[in-house]
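K.L.:
In this note's numbering, the protein residues as written are 22 to 158.
Do not take every clue at face value.
Here are the computed lysine-lysine pairs in the DSS-like style, where the Cα-Cα straight-line distance is at most 30 angstroms [unchecked claim]:
1) K53 <-> K126
2) K130 <-> K148
3) K55 <-> K70
4) K53 <-> K70
5) K126 <-> K70
Calculated from the structure, these hints are not laboratory results.
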Amino acid sequence: MIACLSSNIHGPLEPTLAKCLAVEQAFALAEKIKASNIWIESDSLEAIKLIQDTGKDIFIIRPHLKAKKNRMKLLSNSIITHIRQEDNRVAHTLARYALHIETQKVWFKEAPCFIQAVIREEMLMCKMNSQCSSIFS
Numbered sequence: 022m023i024a025c026l027s028s029n030i031h032g033p034l035e036p037t038l039a040k041c042l043a044v045e046q047a048f049a050l051a052e053k054i055k056a057s058n059i060w061i062e063s064d065s066l067e068a069i070k071l072i073q074d075t076g077k078d079i080f081i082i083r084p085h086l087k088a089k090k091n092r093m094k095l096l097s098n099s100i101i102t103h104i105r106q107e108d109n110r111v112a113h114t115l116a117r118y119a120l121h122i123e124t125q126k127v128w129f130k131e132a133p134c135f136i137q138a139v140i141r142e143e144m145l146m147c148k149m150n151s152q153c154s155s156i157f158s
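Put together the whole structure using the sequences plus the hints.
P.N.:
This is the structure we're talking about:
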């Protein structure tokens with residue numbers, strides 16, 4: 022992990038829109054820290070398809086998302102991948118944290134303690150699962 026953020030997006034949002042905005046914020050943070058290799062994970066296939074589909078008019082969601090999408094295409098080392106919702110605990114923990122803050126919080130190089138705890142739990146669970154054992158060896 023290089024960076025993570027938590028931000029309260031005010032107002033009720035449709036889930037796909039909320040996921041698109043989260044990807045947008047992640048990409049904006051990656052641009053801000055001048056990351057050369059960007060890997061963003063989302064548990065919303067719908068949001069990923071909307072962002073990756075070059076033919077889809079995303080002005081209905083957020084006008085400047087199209088500009089970010091075009092800049093992201095220029096970066097050869099940027100990808101958005103799908104992760105199962107149950108494997109996306111870090112993102113959900115950050116989202117729950119955002120409900121209790123007014124301004125965006127950003128952490129660089131080292132995650133906050135509550136996220137480190139989630140990562141440790143996931144690593145332990147993964148080590149117990151034979152499919153993940155090669156990742157941590």
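K.L.:
Each of the hints needs a verdict: does it hold here or not?
P.N.:
Results of checking the hints against the structure:
Only pairs whose Cα atoms come within 30 angstroms are accepted, and K53 paired with K126 is accepted, the gap being roughly 14 angstroms. Between K130 and K148, the direct Cα distance comes to roughly 23 angstroms. Compliance with the 30 angstroms bound is thereby established for this hinted pair. Simply put, K55 and K70 have alpha-carbon atoms about 25 angstroms apart, close enough for the 30 angstroms limit, and the pair holds. With a CA separation close to 24 angstroms, the supplied pair K53 and K70 stays within the 30 angstroms bound.
In summary, the hint linking K126 to K70 is supported, as the alpha carbons are separated by about 27 angstroms, within the 30 angstroms threshold.
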